[in-house]
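Letter by letter, the chains look like this.
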Amino acid sequence: MNLGNNIRKLRFEKGEMTQQQLADRIGTSRMTIYSIEMGKFIPSTLLALKIADVFGKSVEEIFFIVEEKHDRRKNRK
Amino acid sequence: MTAVKIENNTGGRLINLLGVLSIAGLAYCFAAYLYLRQQLTPVMPDPTPTIELIGALALPALAVAGIYHLILLVRALQILAGMPTGRFLHSAFLVAVVLSGLSLATEPVQLSEIGKEYVLFDVSGQWLFLIGSTLFHLAVATAGLFLTRRVAGGISTAIRNIDSRSDAFFVTMHQVGFLCGLLGILGVMSYTHWGVLERYRAFLILLLSVLALVPWGTILAFLMVRNRNKPLSAWFDEKQTTDTAVGGLCSMMVVMPILVILSAVDLRIEFQPPFAFWLMLLFFLCLTLFSFCMLMRSRADGAKGSP
Chain A
1 MNLGNNIRKL RFEKGEMTQQ QLADRIGTSR MTIYSIEMGK FIPSTLLALK IADVFGKSVE
61 EIFFIVEEKH DRRKNRK
Chain B
1 MTAVKIENNT GGRLINLLGV LSIAGLAYCF AAYLYLRQQL TPVMPDPTPT IELIGALALP
61 ALAVAGIYHL ILLVRALQIL AGMPTGRFLH SAFLVAVVLS GLSLATEPVQ LSEIGKEYVL
121 FDVSGQWLFL IGSTLFHLAV ATAGLFLTRR VAGGISTAIR NIDSRSDAFF VTMHQVGFLC
181 GLLGILGVMS YTHWGVLERY RAFLILLLSV LALVPWGTIL AFLMVRNRNK PLSAWFDEKQ
241 TTDTAVGGLC SMMVVMPILV ILSAVDLRIE FQPPFAFWLM LLFFLCLTLF SFCMLMRSRA
301 DGAKGSP
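Protein sequence lines correspond, in order, to chains A and B. When you line the first sequence up against the working numbering, it's residues 1 to 77, in that order. When you line the second sequence up against the working numbering, it's residues 1 to 307, in that order.
Certain hints may be false.
Distance windows between CB atoms, simulated [claimed, not checked]:
1. A/Ser44 - B/Ala221: 24 to 30 Å
2. B/Met296 - A/Val66: 54 to 60 Å
3. A/Lys14 - B/Gly132: 54 to 60 Å
4. A/Met38 - B/Leu186: 47 to 53 Å
5. A/Arg25 - B/Phe275: 37 to 43 Å
6. A/Lys40 - B/Ile258: 27 to 33 Å
7. B/Arg13 - A/Leu3: 39 to 45 Å
By construction, these hints were calculated from the structure, which means they are not laboratory data. Here a beta-carbon is modelled for each residue, glycine too, at the ideal position from N, C-alpha and C.
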C-alpha cells in the first residue's frame, strides 16, 4: 500500500501554483513537495493538514491509499 | 530607488576594479616569487635594495587580494541566498575561496620566514608552496571576477536572506561536505610525500585536516548560529530530517566494512603511520560518504527542479 495524492492536480487548479510557492506557503522545501507528489515521502499529519489548509480541502480529499498494483499502473502512465 | 540602483552599480564596478587589481597584484607576486627564488641563494647573504623592494611590493598586492577574497566570500553567500537549489560549481567556488583566503593569510609570514632562513636552510619547498598557492589564488580571483560580476546587494541582506531550511542551503552544505571530505582524504593520504621530519607529521596531518574542514565547519557554524533558539528538530524540514537519518544509516553501513579493511591493511603494512592518520582518514571517509549519500538522495528527489 502506498499514499497517493492529488497535490499536482490541485496546484494547477489553484492558478498554476508552483511547487516552490506551495513549499513557501507551508514553510517547507520544494524537494519535500516534489517527493510527496511523487509518493516518495509520506508527510507527517501536521504537514498534511497544512497542505489541506492551503487548498481549502480536507486531508482525505488530497491523500488516499493506493494498492501497489494500481500504483504501478499509474506510474507507468 | 534609482539612487540605490546607481549606488549598487557603482559599488559593483568598484568591486570589479578591485578584482582586476587583485589579479594584476597576484600576477606580480607570481613573477616576483619566480625571480626571488632564483636570486635569493646562500651566495647572497644580504639582499640588495632592489630585491627588498620587490619583496616589499608583494605585501600590498597580497592585502588587495585578501580584501577581494573577503568580498568574493560575501558574493558567494549572496548567490546562495538567491539560488533555487544547490549548484556544484557554486559549492566548489565557495570551498576554493575559503581555502585560498586562508592560505593567502599565511603568505606574508612565509615570505618573512624565507627571508630569515634562505642563507642557512633549503627553502625550495616553501617557494614551491608559495608559487603553487599564488597560481591557486589567481585562478580563484579570475573565476570570481566572472562568476560574481552581476551580483549586487549588501552583506547583511545576503546573510539575512539565506534560509537554512531551503533546498539550496541543504544541498550546498552537503556538496561542500563532499568536497572537504575528498580534499581531506587526498591531503591525509599524501602525507608520506611531505618532506617533513617524522615527529612533525602527526601535527601536520591534524593541521591540514583542520584547514580542509574550515569551509564545511563555517557552514555548520552558520546553521547553528541561525537556529540557536530552535530545537534540533526544527533545523531542517521533515523530509530533510528523514534524509539525514537515512544518509547516516547508509554511510554507517558502508563505513563499517571499510573500517575492517583498513584495520586489516594496518596489520599487514610495514610502515606505521601516526595515529592522526587513521583518525582523520576515517573521519574524512565518513564525511565524504555521508555527503555523497545525501547528494544522491537529493538528486533522486528532484534537486534539479520541476514545475
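Quick rundown of the hints versus the structure:
A beta carbon spacing of about 29 Å between serine 44 of chain A and alanine 221 of chain B agrees with the range 24 to 30 Å that was offered as a hint. Distance hint check for methionine 296 of chain B and valine 66 of chain A: the Cβ-Cβ separation is about 26 Å, which falls outside the suggested range of 54 to 60 Å. Range check, lysine 14 of chain A to glycine 132 of chain B: Cβ separation about 57 Å, and the 54 to 60 Å hint holds. Separation of methionine 38 of chain A from leucine 186 of chain B is about 37 Å and departs from the stated range, judged on CB atoms against 47 to 53 Å.
About 52 Å separates the C-beta atoms of arginine 25 of chain A and phenylalanine 275 of chain B, a value inconsistent with the hinted range of 37 to 43 Å. The beta-carbon spacing between lysine 40 of chain A and isoleucine 258 of chain B, approximately 28 Å, falls within the hinted interval of 27 to 33 Å. Distance hint check for arginine 13 of chain B and leucine 3 of chain A: the Cβ-Cβ separation is about 54 Å, which falls outside the suggested range of 39 to 45 Å.
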